[in-house]
Amino acid sequence: MKPLLFPVLLLAAGCDYEPTWLYPVASEQAPALYELFSEDGEPLVPADINDSTDAQKNTIYAEVGASLNAQKGGVTFNFVGTGGDVCVLVDPEGVTWTEAVSPRLDDNSRPWSYPDNLYDDGDIDIYGGLSVYYTGSSDEIGDFKVSYEDPLGNPVEVSLSVCASTSLFETVNAHAGRSTVESCTLPQTDLGVEYTVVLETWSTPLDDDRLSFGLILANGDCGTLQSRLGFSGDYHALECMIPGEALMPTSQGPWYGKAAINDLIWGAPVEGGMGYVDYEREFCEDIATSRIDQFCGDEADDVAADLSVCSWFRGEEDAVHCFCGDPAWSPEPGAF
Amino acid sequence: MSRYTLIPVVVATLAGCHWDEGLVIENMVGTVVLAPEALTRPFVSEEGVESTITDPRLIGPVYLGVYSGVTAGIEPYLYPYVGPQFVEGVSGDTYPYGGTTVGDIRYACVEFLTCKLTSGRFVDFDAIVDWFGNTLQDPVVDQFGNEIETGDFLRQACYDLLEITSDAEVRITAYEDRNGDGAVDEGDLDFVVREDGKWEAEFTLWQQDYFDNSAKVEEDDGSEDEIHGFTLFGWMDAPAVGSGELSTCNGEVAGFNENTYNNYFYGGRPYLDVLNDPGFYISTGDWVSGEPYQYESEWDTPELELNFEVTE
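Residue numbers (the numbering used here), protein chains in the order written: chain A, 1 to 336; chain B, 1 to 312.
Keep in mind the hints are simulated off the structure, nothing from the lab.
Keep in mind that this is a model prediction, so the values were computed, not measured.
Glycine included, each C-beta is placed from N, C-alpha and C at the ideal position.
A hint or two may mislead.
[Unchecked claim] With the Cβ distance kept under 8 Å, some of the chain B side facing chain A (calculated, not the full set):
1. Ser-68
2. Gly-69
3. Tyr-81
4. Gly-83
5. Pro-84
6. Phe-86
7. Tyr-95
8. Phe-230
When you get a sec, could you build the whole thing from the sequences and use the hints?
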C-alpha cells in the first residue's frame, strides 16, 4: 500500500492551496468597504446644482481600497427620498482611451495615437434602490435582489435596484467601464423614504491598489444635469464634470468640495510639471486634431530627456507616475 | 509506480470525467400551426377590385416562450403567470425560462422597409417589391423617395450596404432548398401549407434548460403524476393593416444603424422584453396559442396551434 500513499498525498495537497498572495496588500488608509456620510455625519442630501460652481462645491472626493479577498468591496451611502428624481454621478480615478492603431476616415476619427497608462485606472459601478431591499452590512457589500418562487417552485432572482445606469453608447442597464464617468437616475424617489446607493469597486489601479473618485448627488435626472452644465453630446467631455479626482494617497477622505483636494491632485505639487487637471482638460476639450496627443507627446519628450520625470509602471511609493502610456507599448501593425 | 498503484489512480481520474451536473439542456423541437384565417385578408386592387388573399407574407414573426405556467384572468386568453408587481403602474414580469422565434425581424436595406420585413416569408426580392407595390398599394421607395420597381435593385442595395455577396447572408428571402425538391421556392419558406389547409413551421428552442416542478412536488409529498415541466406559449405578431409594420419592432433608435452620405436610418429590431411582457405587445389582429402546451419531458415535440385571434 505504501506506493499508493504518494499520489494520494499529492492530490490531497492540491486541495490545500491558498492563493492569498494574489490579493492586494491591506491599506489602513483606504479600506475596501465603508459607508460615506455628509460632513455632519448624517446621510447625504441631494444638492441643487445649477452651474459648475455648484457642482465643484458639492462634489465629494474619497478613496477606496482594493478588496483583500474574493468578496467585492466598495462605498455605500444613504439619502432620504425627495419626491423627485435624484442623480448619482461618479468619476473614478484616471482617464482611459483605446489607442488608435489604424487611421479612420469617418467623422468620428480621433488621433489617440498614444497608448493610455493602464496602471492608474479604476472602475466603479453604481447600484441603488430602497434601503429596505438592500442586503449588505458593514462587513459585506450587498445588492437589491430578492427571490421570487414561480409556480413551478423554482426561485427567480429579481433585482430591485432602480438605478438605471447608461453606458457611453447610451445602452441602458450597462456600466460605463474603466475610469469613465458613470451616472444613474433614481426616478421619482419616495418622499421621506431612505435609499441606499452602492458604489461597487469593479477594479482598483494597479499602481497602488487605491481608487480615488469624485461623487455628485444631485436633485433631478442626470441627463438634465449634464446638459445644464454643458456636458451633453461629447461623452469624453463628461470626464471634466468632476475634475481632479485622481488623488495622491493620503487617507480615505472624504473631502467635501473641490477646494479641499486641490493640493492632493496627482501632479499638482510638481513645480512646472503637468498635472492631472491639465491631462483631463486636454482629454475633454474637443480638439479634433490633437486630442490628448499633445499632452502625451510632451510627456514622452520629457521622459526621453529625463527618466526620473515619471514612471511608466508601478514605481516607488513616492514616484510620480506618467499619465499616458509608454509609446513603446503601441502594437506593431498586424500584431495581437 | 507499480501497476497496483497506477490502476486505481487512473480509474479515479477517469471517474471524474463522468460528473453529472444535474443540468438538462437540449435542443427542443416542435411545430407551430396557423389556420388559414390567420394569413387571410381582404384587399382592394388598384382598379378597385375587392379580393381575399391568403398569403404567407401576412405572417409576422412568431414568438415562442417557455414559462412556469399559464393562467386565465389576466388576458382574454390563457396567459403566462406574472411575477410580483414592484412598481405602481408597471406590470410584473413573466420571467420566461427561454424562447425562440419562427422568422425574425430583419434589416431590410431601405428605411421604408424598416420594421416591415420578417425572414422566411418572401420567396425572393421580387416578391417583396410586388407585395408592397401591388398588394398593399404602398410601393417600396429608396432614400430619395424614388420607387423601387425591381427585386434586383433591392437585393443590390442589401449587398452594397451590408458588404455581402449572397442572399443567404441577407437572410430575408428563401435561400436554401429546405424540402429537397431541387428548387428554392415557396416550399422553402418557414411556413408551408399542409394537406388539411393549415400552415405549419418547425421551431427549435436552442440549448434550452429544461425545468419542471419535481422539487416542489417532492417537498409537498405529492405523487409522480403531478410532475410536469414548463409551458410553451406563443403568438404571431401580425403585420399592421395597410402599412405592414410590426408592433414588436423598435425602429426608432435600434438595430443596425445605416450611416452613409444622405442615407441615415436604423434597421430596427424586436423590443428586448417581448417575452417578458408579451401582453404589452399582443394587439388586435395577432394570433395567440389558445391552448399552451405543458411539457412532460424535454423530449416532447409539441404542436402549438396559434388559434386564438385577438380582437380587443
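Quick check: which numbered hints come out false for this structure?
-> none
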